[in-house]
Amino acid sequence: QKEVEQNSGPLSVPEGAIASLNCTYSDRGSQSFFWYRQYSGKSPELIMFIYSNGDKEDGRFTAQLNKASQYVSLLIRDSQPSDSATYLCAVNMNTGRRALTFGSGTRLQVQP
Amino acid sequence: GAGVSQSPSNKVTEKGKDVELRCDPISGHTALYWYRQSLGQGLEFLIYFQGNSAPDKSGLPSDRFSAERTGGSVSTLTIQRTQQEDSAVYLCASSAGTSSPLHFGNGTRLTVT
Numbered sequence: 010q011k012e013v014e015q016n017s018g019p020l021s022v023p024e025g026a027i028a029s030l031n032c033t034y035s036d037r038g039s040q041s042f043f044w045y046r047q048y049s050g051k052s053p054e055l056i057m058f059i060y061s062n063g064d065k066e067d068g069r070f071t072a073q074l075n076k077a078s079q080y081v082s083l084l085i086r087d088s089q090p091s092d093s094a095t096y097l098c099a100v101n102m103n104t105g106r107r108a109l110t111f112g113s114g115t116r117l118q119v120q121p
Numbered sequence: 002g003a004g005v006s007q008s009p010s011n012k013v014t015e016k017g018k019d020v021e022l023r024c025d026p027i028s029g030h031t032a033l034y035w036y037r038q039s040l041g042q043g044l045e046f047l048i049y050f051q052g053n054s055a056p057d058k059s060g061l062p063s064d065r066f067s068a069e070r071t072g073g074s075v076s077t078l079t080i081q082r083t084q085q086e087d088s089a090v091y092l093c094a095s096s097a098g099t100s101s102p103l104h105f106g107n108g109t110r111l112t113v114t
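Chain order of the listed sequences is A and B.
When you read off a place in the first sequence, starting at 1, and then add 9, the result is the number in my numbering.
When you read off a place in the second sequence, starting at 1, and then add 1, the result is the number in my numbering.
Worth flagging that the hints you see were computed from the coordinates, not collected in a lab.
Just so you know, even glycine gets a beta-carbon here, dropped at the ideal spot from N, CA and C.
It is possible that some hints are incorrect.
DSBU-like mimics (lysine-lysine), calculated; alpha carbons at most 35 Å apart, straight line [claimed, not checked]:
| id | chain 1 | residue 1 | chain 2 | residue 2 |
| --- | --- | --- | --- | --- |
| 1 | A | K11 | A | K51 |
| 2 | B | K16 | B | K58 |
| 3 | B | K58 | B | K18 |
| 4 | A | K65 | B | K12 |
| 5 | B | K16 | A | K65 |
| 6 | B | K12 | A | K51 |
| 7 | B | K18 | A | K65 |
| 8 | A | K11 | B | K12 |
| 9 | B | K58 | A | K65 |
| 10 | A | K11 | A | K65 |
| 11 | B | K18 | A | K76 |
| 12 | A | K11 | A | K76 |
| 13 | A | K76 | B | K12 |
| 14 | A | K51 | B | K58 |
| 15 | A | K65 | A | K51 |
| 16 | A | K11 | B | K16 |
| 17 | A | K76 | A | K51 |
| 18 | A | K76 | A | K65 |
| 19 | B | K12 | B | K58 |
Computed list of chain B residues with no C-beta within reach of chain A, every gap over 12 Å [stated by the list, open to error]:
| id | residue |
| --- | --- |
| 20 | D57 |
| 21 | V75 |
| 22 | S101 |
| 23 | P102 |
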């Protein structure tokens, strides 16, 4: 089992729809969770971070964390073509390596 | 500077040569990370520095790879005797602490011919 798992996609949604991106992680003791967006040929940029169970909203983005299920998700409301990118989930594991562990990313395509 | 600065932005080298990649983190950030990203792949952890602690080198793929961080600031990643499989984008990131968000530089695209 990978430490951080994401569906590679592509996830295709129409403009204006809600895009739902999911991530599971293996270390039950993980404390910090991050979502990064990466456009093709560019570096990852931070979208959101979440530390506590529940929802955290920032504009059109909502991060959801369920530590019991070891599951974190990112919802993008009113998706725009400019949201088309790869979304990387990153987890700060409680054991082993102290650096962030990244999933392989989900490619999102928003169709105009 | 305002962000993480990496140099060079592109490097083409011949197989067998040594290369040095430089990273200047955000001022005040105590943690510095190196990751590698091959074309179409995810981020592969290489090495992590936190303050004065011993670095976490567990991600370095071979003994041809080494990194240092001088004065708690600038870091250099050195690849000796480069191989074609070393071709990738090398990303540096810094953060205010272990649990804080990472801020990435623009990366160095390394091509080994």
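Which numbered hints are broken by the structure, listed smallest first?
-> Hints 4, 5, 7, 11, 13, 20, 22, 23 not satisfied by this model.
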